[in-house]
Every structure is written in C-alpha cells, then in structure tokens.
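Assemble the whole structure, with the sequences as input and the hints as a guide.
2 protein chains.
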Amino acid sequence: MTTKIAIVMAMQAEADPLIENLRFCHRPDLVPPGLPFRFYTTVYGQQDLLLVTSGKDPRFQVDNVATVPAALMAYQAIERCAPSLLINCGTAGGIKAAGAMIGDVYLSKDKICFHHRRIPIPGFWEYGVGSYPVIDSAAIAAALGLKRGIISTGDSLDLCGEDLSLIEQHGAIVKDMEAAAIAWVCYTCKVPMLAVKSITDLIDKAAPTADQFLDNLALASSNLQRQTVAILDFLQNNECDQL
Amino acid sequence: MTTKIAIVMAMQAEADPLIENLRFCHRPDLVPPGLPFRFYTTVYGQQDLLLVTSGKDPRFQVDNVATVPAALMAYQAIERCAPSLLINCGTAGGIKAAGAMIGDVYLSKDKICFHHRRIPIPGFWEYGVGSYPVIDSAAIAAALGLKRGIISTGDSLDLCGEDLSLIEQHGAIVKDMEAAAIAWVCYTCKVPMLAVKSITDLIDKAAPTADQFLDNLALASSNLQRQTVAILDFLQNNECDQL
Numbered sequence: 214m215t216t217k218i219a220i221v222m223a224m225q226a227e228a229d230p231l232i233e234n235l236r237f238c239h240r241p242d243l244v245p246p247g248l249p250f251r252f253y254t255t256v257y258g259q260q261d262l263l264l265v266t267s268g269k270d271p272r273f274q275v276d277n278v279a280t281v282p283a284a285l286m287a288y289q290a291i292e293r294c295a296p297s298l299l300i301n302c303g304t305a306g307g308i309k310a311a312g313a314m315i316g317d318v319y320l321s322k323d324k325i326c327f328h329h330r331r332i333p334i335p336g337f338w339e340y341g342v343g344s345y346p347v348i349d350s351a352a353i354a355a356a357l358g359l360k361r362g363i364i365s366t367g368d369s370l371d372l373c374g375e376d377l378s379l380i381e382q383h384g385a386i387v388k389d390m391e392a393a394a395i396a397w398v399c400y401t402c403k404v405p406m407l408a409v410k411s412i413t414d415l416i417d418k419a420a421p422t423a424d425q426f427l428d429n430l431a432l433a434s435s436n437l438q439r440q441t442v443a444i445l446d447f448l449q450n451n452e453c454d455q456l
Numbered sequence: 214m215t216t217k218i219a220i221v222m223a224m225q226a227e228a229d230p231l232i233e234n235l236r237f238c239h240r241p242d243l244v245p246p247g248l249p250f251r252f253y254t255t256v257y258g259q260q261d262l263l264l265v266t267s268g269k270d271p272r273f274q275v276d277n278v279a280t281v282p283a284a285l286m287a288y289q290a291i292e293r294c295a296p297s298l299l300i301n302c303g304t305a306g307g308i309k310a311a312g313a314m315i316g317d318v319y320l321s322k323d324k325i326c327f328h329h330r331r332i333p334i335p336g337f338w339e340y341g342v343g344s345y346p347v348i349d350s351a352a353i354a355a356a357l358g359l360k361r362g363i364i365s366t367g368d369s370l371d372l373c374g375e376d377l378s379l380i381e382q383h384g385a386i387v388k389d390m391e392a393a394a395i396a397w398v399c400y401t402c403k404v405p406m407l408a409v410k411s412i413t414d415l416i417d418k419a420a421p422t423a424d425q426f427l428d429n430l431a432l433a434s435s436n437l438q439r440q441t442v443a444i445l446d447f448l449q450n451n452e453c454d455q456l
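Top line first, the protein sequences correspond to chains A and B. Every position in the first sequence, counted from 1, becomes a number in this note's numbering once 213 is added. Every position in the second sequence, counted from 1, becomes a number in this note's numbering once 213 is added.
Read the hints as simulated data drawn from the structure, not as lab findings. Some hints here could point you the wrong way.
Same chains, same label: a pair holds when it works inside one copy or across any pair of copies.
As the list claims (entries may be wrong) - Once the Cα atoms are required to be at most 25 Å apart in a straight line, the calculated SDA-like pairs of lysine to any residue come out as:
1) Lys324 with Gln274
2) Lys418 with Pro333
3) Lys418 with Gly374
4) Lys360 with Pro346
Next up, the structure:
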C-alpha cells in the first residue's frame, strides 16, 4: 500500500542532495497563492513523497528560515497531501557535553520544545514551552545506528542566557530553528511527526555558531540526505503502527 | 463599493468587545481543517469584515498567542476573503520613556520588526529583523487623535537583554507578540497591513509585565474596541488610495 509522507526542510542547501538523489520533481503548480515556498514530489518505492522548502526572501536572497515560515510550510504540506507522517529534516546545533558531534544525525525523542517563548503567566508558560509529541523513533535509531535526543527550537541562530537555561531545563541535546513550530502544526492537525537533525555546530563550544554552521553545512547536509533515505527505506520495509 | 477587511486578533478577551459591538457571527464553517482558530464575519456599512481569533490550546486552555499561530491565522484570513486591508488589533507593551501610557491606542508607523530573531550571518540578519511595510496611518491618526509608533515583535511576554537592545535599535515604541509575523504574511501576499495596539503594560517600568498585563487587559481591550470601530468608520468615510 502506498504511504504519503511530507518532508519539510527550511534551507534549499539542506534539501538539494535529497532532491537530486530521489529525483524529486519541482512542482510550482502546488504552491499556495502568495507564498514563497518550493514544492517537490516524487514516488520512492511504495512512498508518495511531498517535499517543501521555504524559498528565498526577495529582499535579502536568503532562505525563509525560522518558525513562522516553517509553520506555514507544514500546514500547507499537510493540506496538500494529508500525509501519514511528516518528517522535518534539517541541520541543527548540538550539545557537546551531552555527546553530540559535528555531522551526527539525531532523531527526535519524546518531545519538541521551544526555548525562546517565555510567557510567565500560568498556563501560558506551558503553552509557550510547547512539549509537542513525536513518534517513537527507537526502532529506527537502533536499526540505523542513529542517536536520539530531545529537540529545542528558537528563532535565533545564537543563544541568550534565557535560551540556554530553557534548553537545559528541557533536557535537550539538539537545538534548531524550526522543529517546534512544525510540531505544533502536526499536533493540532493530528499528523505523526519525526524530526531528523544533522549537527553543524556545537553550542557549548567556544567558536561562534555562525562560523561553525557555515563550515559544516555541506557535510551535515550530505549526512542528512543519506540518513533520510535510510529512514525512508526502513519505513518501507518495516511495519510502523504509529503511522 | 464594498471593501473586504480582515481583522486578526490573538486573544479572545481582546476580540470579544468588538465581536459584540459589531454583531459578528461565529463561523465554524470557515475554519480550515485541523486548525484551532475561530472565524467570525459581519457586514459593517460598506465593509465585509472577517475576524479571526487564535482559539484555545486544548491542553492548557489558553489562547494560541505569539507568532506561529498568528502567521497561520493571517494566511488563512487572506486565503478566505482576499482582503484589501488586514488589520492586526491587539494589546501590547509600550515604552514609557517614549511617551506611551497604559490604555493608549497606537497605530503602526513605518515598519514592523522582530526583536527575538538574531541570525548573525549577512542577509539572514536583515531577514531576521524583518522591517515589514505598513500602510501610512498619518491621516487616520490625525483624524482620531491616536499615537503612532514603530512596533517590534517577540515571542516572549518578558524581555531579555538582547530583546531590549534590538527594540531600541528599531526605534520601537510598541512591543507585541504577533504583528511582525502577520506583517511577513501580508508582505509576501501583497496585502496592505495596519496594526492597532492598545497598551496594557510599560516595559520600562519596574512592575512585572505579566502583572501589569493582567491588571490592564480589560481597559486596553475596551479602548481597542472603541478605536477599531472608529478606524473602520474613518476608512468608510474617506478615500484611502493605499488599499
């Protein structure tokens, strides 16, 4: 039976190796009116895949990264293809002290939180943190030899003291800029979600995040592509009662 | 000629006085699949109005505030009614040193920025800040005796040092939690935008923002409602070549 899977990726440079390898077809006809996103489709074995990237900001010619476009991408992907799984693939920061290394590919584990939304009013605080559910990735991780970790999302590439404190409170090992927004959409739309994050930089290392990120983007994107295909293969060849 | 106007508001308590006064009709039939938002419509003179509020988080029973739901609300409102103007009404913090007082109603002026998105890579930095355009509100402000100011948006109710520094750099007088995300959607969809923000708290005052916010929410929502109706009346009775 065919499975529909949506893949949401913020940066074109992260997505290009996957687009090439799985021979995705660019589908401008699927883009919702007014939005800058890029839609791609392919058939991979028994899987109908829809991939969405964020497109470029017309003023600054950079990808539309961070949570606001990510949430819209996720909703539009779900509306277009009603997937049984949404995978958010991307690059991310890792915590060296918790064992993360450059080039590692992590799967989401337990929950995805925000670390930049501080709303100190009862109820709103918990809402701000998010803690959205993800699928149990233990079997995939064991089969492919991948690490797993709690992911924390913020709209900045760098971290202020408050961000760091919340990342620690969440028990997160991976820090990205989109996953929690996508997880909120998946949670509200009842679509199972998995995040796959390839480490470009170590947030507890002295070198500036931006320099590490640019130095390691190609390596991390290549690893991300290889492991994403391996995950799709695993899902194709194994029963997954969560989807 | 009838004008279509979309009004986007994060909190139900902010919207209820307006819903009651303009006899908005609750329209669950307009809500896109899976989303928690509440849609309302009414006809006010020559204006077809669509109002969207963010709905409640099912786990914590609080409004879906902040930028991620706001962007989705704005896009769905635009998709549903193709408005010639989108108005984002809400409560906000003000800067006392710049002349803001509790209960003041501000109109957006010049640009709307983010203060919580720090991406220190050339091009991405400017993208993160946003600086989205808004309509020229000078005539409305003069006619109604309203103040105008640059608005800066962040996903937290409180402010870290980095947030404060960026608010100052933007020259902002008003600090809210949604406007820039909505402004991004309006910018990308080419829909003119106006923000109307009623001040609940002064961010440069010693009292905690959360306490001020809760103390002044009813007053600010009442002022917001009165001035939003006055703005709609003004738009009805005056040519506005920006729309």
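Checked hints:
1. Lys324 with Gln274: Answer is between; shortest inter-copy Cα gap is 20 Å, intra-copy 33 Å.
2. Lys418 with Pro333: Between copies, since 17 Å is at most 25 Å while 30 Å is not.
3. Lys418 with Gly374: both (15 Å within a copy, 22 Å between copies)
4. Lys360 with Pro346: within (18 Å within a copy, 44 Å between copies)
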